[in-house]
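Undergrad: Those protein sequence lines, which keep their order, are chains D and C. Going left to right, the first sequence walks through residues 1 to 290 as this note's numbering numbers them. Going left to right, the second sequence walks through residues 291 to 926 as this note's numbering numbers them.
I should point out that these hints are in silico values taken from the structure, not numbers from a laboratory. Please note: incorrect hints may appear among the correct ones.
As the list claims (entries may be wrong) - Computed, partial: chain D to chain C, Cβ under 8 Å:
#: 1; residue: P90
#: 2; residue: L95
#: 3; residue: F98
#: 4; residue: L102
#: 5; residue: L110
#: 6; residue: I111
#: 7; residue: A260
#: 8; residue: V263
#: 9; residue: M269
Unchecked claim - Ranges between beta-carbon positions, derived for each pair:
#: 10; chain 1: C; residue 1: S452; chain 2: D; residue 2: P259; range: 22 to 28 Å
#: 11; chain 1: D; residue 1: R79; chain 2: C; residue 2: R384; range: 55 to 61 Å
#: 12; chain 1: D; residue 1: T115; chain 2: C; residue 2: F502; range: 42 to 48 Å
Given the structure is predicted, the values throughout are model-derived calculations rather than measurements. Every residue, glycine too, gets a C-beta built ideally from N, C-alpha and C.
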Amino acid sequence: MEALFQALLGGLVLGLIYIAIAVGLTIIFGTLRLVNFAHGAFYAIGAYVGLVIAQRIGVGWAFIAAPIAVALFAVFLDRFVLRSFYEKEPTSQLLVTFGIALVVEETLRLIFGATTQQYSMPLALQGSFALGPITYPAYRLLFAGGVILMLVLVWLFIEKTNYGLIVRAGIRDRTMVQLLGGNIRQASSIVFALGAAIAGLVGAAATPIYGIDPATGFAFLVPSFVVVVVGGLGSFWGAVLGGLLIGELQSLTNLAYAPASQVVIYLCMALVLLFRPQGLLGESEVIRQS
Amino acid sequence: MTVATTDATPAKRRRGGLLAADLRFALLCALGIALFPFLLHPLGGYSTLATQIAIVSVASIGFNLLLGYAGTLSYGHAMFYGGGGYVAAILILRTMPDHPNLWLAVLGATLATTVLAVLVGALTVRLYGIYFALLTLAFAQMIYFIVEQAKEWTNGDDGLQSLPNAILPLGAWNLDLTTHLPDFALGPFGNLSDLRIWYIFAGTCLLLVLMFARTLTRSQFGEVLGAIRENEQRSTLIGFNAAGYRLAAFAISGALTGFAGALRGLFDGSIPVDAVGIDRSGSFVIYTVVGGVQTLFGPVAGTAVIMFLENVLSAKTPAWRLIEGLIFVGVIVFLPRGLSTVFKQERDKNPRAVFVRSLRPSTEEPDPLLKSVEEGHRGGVMSIIETFKLGKFFGHFGAVRDVDFRVDPGELRAVIGPNGAGKTTFFNLLSGTIAPTAGTMNYKGRDVSRLSGTKRVHLGIAKAFQTASLYSDQTVRQNCRLAALARVQGPFRLQVLRRSTRLDDIDALAERALSRLDLSGVADVRAGDLSHGDKKRLDIAIALATQPQILLLDEPVAGMSKDEARKTEALIRKLSTEMTVLVIEHDMEMVMGLSDSITVLHQGTVLATGTPAEIQANPRVQEAYLGGHSEAELAH
């Protein structure tokens with residue numbers, strides 16, 4: 001019973017990370033029609049920047065520096081590398097972002113080595129909460145709360161701002177948005193940087209829990225793509241539902257039969273793609289264009 | 291058709307020339323493969339690496355058939371590569387530990403991976419882009435899981451080690467491939483005895499696979515695959531079964547990769563569990579992209595360069611993976627077609643256009659396009675198309691509702707209506723691009739409601755699009771040839787050996803369609819370079835080359851100048867004497883002058899049907915066009 005409760009909470013925390021990455025993928029897809037295989041690299045860069053700053057300066061600064069550094073990197077990519085790929089077919093985009101992920105991963109490996117690293121939180125956050133039958137690390141609960149707060153802000157951004165309007169319109173009909181002209185390009189860059197920053201921040205914040213090694217970015221990216229596909233490409237609530245589903249599924253399978261905890265999410269995705277290719281909450285129109 | 295007999299001699303000569311080119315190609319490849327290990331030697335390479343490169347190149351060529359020629363990225367090819375290795379190893383360990391027969395093991399592994407590829411392909415080929423990549427990855431991860439779990443057979447995470455040395459029975463001999471070649475010093479290029487017979491065997495396999503890939507990409511199959519890659523929508527609506535072609539490409543790709551995986555396992559004498567892992571899948575992407583997709587030698591070059599880096603450079607610098615990644619990104623950004631295009635080499639230029647001769651339309655021959663018309667008219671009283679309560683709902687919105695519609699053979703019917711009346715949706719229902727949510731449709735008395743667009747094309751329903759849907763990178767003639775090819779060869783044919791240029795009736799059909807639309811003069815122009823009017827007419831010509839009995843034209847003169855529109859109108863009028871034509875049009879002058887009868891759609895339903903004069907006099911039609919507020923009145 002206690003183990004089950006632990007697993008459910010663990011699944012929630014894991015699911016929230018997937019959701020945060022998946023939401024970034026979704027808003028970038030909405031504005032740029034870019035299927036971004038390098039999104040895991042944003043997570044990893046955020047985690048390492050967070051690690052360095054937390055160890056040298058302080059944890060608070062880490063949470064500020066990580067998203068900013070990642071956003072700057074995203075702007076660099078947007079301006080100098082990806083520019084000519086937005087109009088190309090999805091396969092080219094997959095390839096170039098896959099390549100970027102590869103370069104980032106290897107650069108991190110050269111700088112930081114291949115071993116898993118971690119930084120610890122200030123003592124005030126190292127305690128545990130009594131939660132029903134179990135005690136749970138305080139930082140994990142704080143982390144979950146923080147991610148939920150951030151997701152609410154992202155949702156408000158999508159629903160209430162002009163940039164969000166572009167994202168929503170872009171998911172429906174990209175050509176129409178392009179026809180509307182001028183500022184779209186700039187808005188896309190801002191959304192790209194924002195999606196990246198979310199992944200960077202989550203990377204920095206999740207490192208005390210999961211640690212970081214150069215391959216972690218990719219390891220989180222693939223399940224996040226699964227989340228996007230299961231929930232429905234372009235759907236915010238789809239990402240939320242998919243993330244919770246995949247996170248819990250993985251965590252509970254880990255409890256029941258650990259070796260199957262990876263394969264179960266692929267099985268889940270395969271079933272969804274075969275029977276409901278637009279995803280649980282996706283619109284069938286979106287899939288045709290991607 | 292009869293055209294073929296008139297000039298068999300050039301055709302024969304053409305074939306002779308091709309044979310010489312094939313031979314030259316084979317000799318050059320053989321020479322390159324023979325020299326490769328000795329050129330690798332001074333760079334710090336060694337003979338084992340050369341053999342491994344030759345073997346893995348086969349897998350990369352297989353991967354490129356999918357990525358380069360079918361245009362889809364698989365992120366799960368390790369399931370075939372590692373799968374082939376495991377099957378070969380298990381076959382040897384379980385069934386012939388004392389007399390390991392390499393032929394049997396490799397053949398069994400190739401068959402098994404082909405079956406796996408057909409099964410996985412059947413479930414994946416209808417998906418695209420990231421969906422296809424992720425689903426192939428998912429299946430590969432499932433295979434990985436199975437391999438990891440079936441410890442009794444696969445030895446789990448440790449992989450299978452020290453396999454018995456497989457023997458290659460060859461006629462009377464039992465060849466031990468691990469035998470070294472005779473001693474012969476070659477100075478800086480090492481010694482002949484560095485090589486084992488394995489290299490000769492692997493090199494021969496590579497040579498044969500290269501020749502096969504070259505033949506396949508130039509064959510009719512390769513031609514159709516390229517067409518589907520360039521414009522799938524058009525390809526299905528000229529009658530090609532796109533999913534079938536993609537599945538066949540996936541199966542061939544998987545078979546070659548499995549074959550290579552089996553060879554690699556037997557050569558190394560071991561299979562690591564990584565052979566079915568995600569990084570393995572990624573490595574084929576890297577090899578192929580670095581070398582050059584859509585090129586014959588690209589995958590081989592990429593495999594050689596990257597495997598060389600992995601094996602030789604890794605000993606010298608820890609940054610070798612970074613170098614590899616930078617090369618990969620650099621190639622994608624700066625050389626989208628790969629490293630091998632730096633050297634001027636045999637690229638996959640369009641071999642079709644070269645041999646097509648110009649055909650003089652001869653008066654004695656029956657017009658191939660006319661054949662269908664006679665069939666179409668024979669029915670007499672039977673309608674050619676009839677719909678009953680046909681409807682298409684998107685959620686609660688009925689784009690087309692309760693449409694009863696009938697067209698008789700030979701009629702020229704215009705479908706008009708204000709913007710948003712559902713005209714294009716109605717055409718999509720007729721052509722089979724979308725499935726109806728209500729009602730049925732008969733074609734010549736037969737219910738075709740459930741048939742796909744591809745099947746309907748072969749029954750004789752062809753469509754030209756509102757926005758011309760062409761193969762922009764192909765010549766105008768080739769655009770029509772593809773449609774004619776679908777007509778003559780059917781929705782699917784696994785013709786991987788022969789070229790379509792041997793089918794003379796295709797050229798005749800294409801030329802005829804071009805001359806009908808007055809495009810013969812621009813037959814050799816790239817379709818993407820045509821003027822707007824010519825593009826629209828080419829789209830009609832493509833539809834015409836499928837030998838339709840009924841032609842659906844969605845706004846054929848939209849965006850044309852007045853003169854062009856009149857010219858196109860005259861061409862359509864001429865076509866309508868030979869087949870049934872349905873046309874959506876906004877140009878009222880044209881509609882009234884051209885059509886036998888008119889159907890008016892309004893808000894998804896039929897408002898009126900009648901002769902042009904009747905329609906002009908119909909007050910309800912006037913209401914629909916003039917006032918947007920007449921819904922209440924219309925209800926009465």
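Undergrad: What are the numbers of the hints the structure violates, in ascending order?
TA: Violated hint: only 6; rest satisfied.
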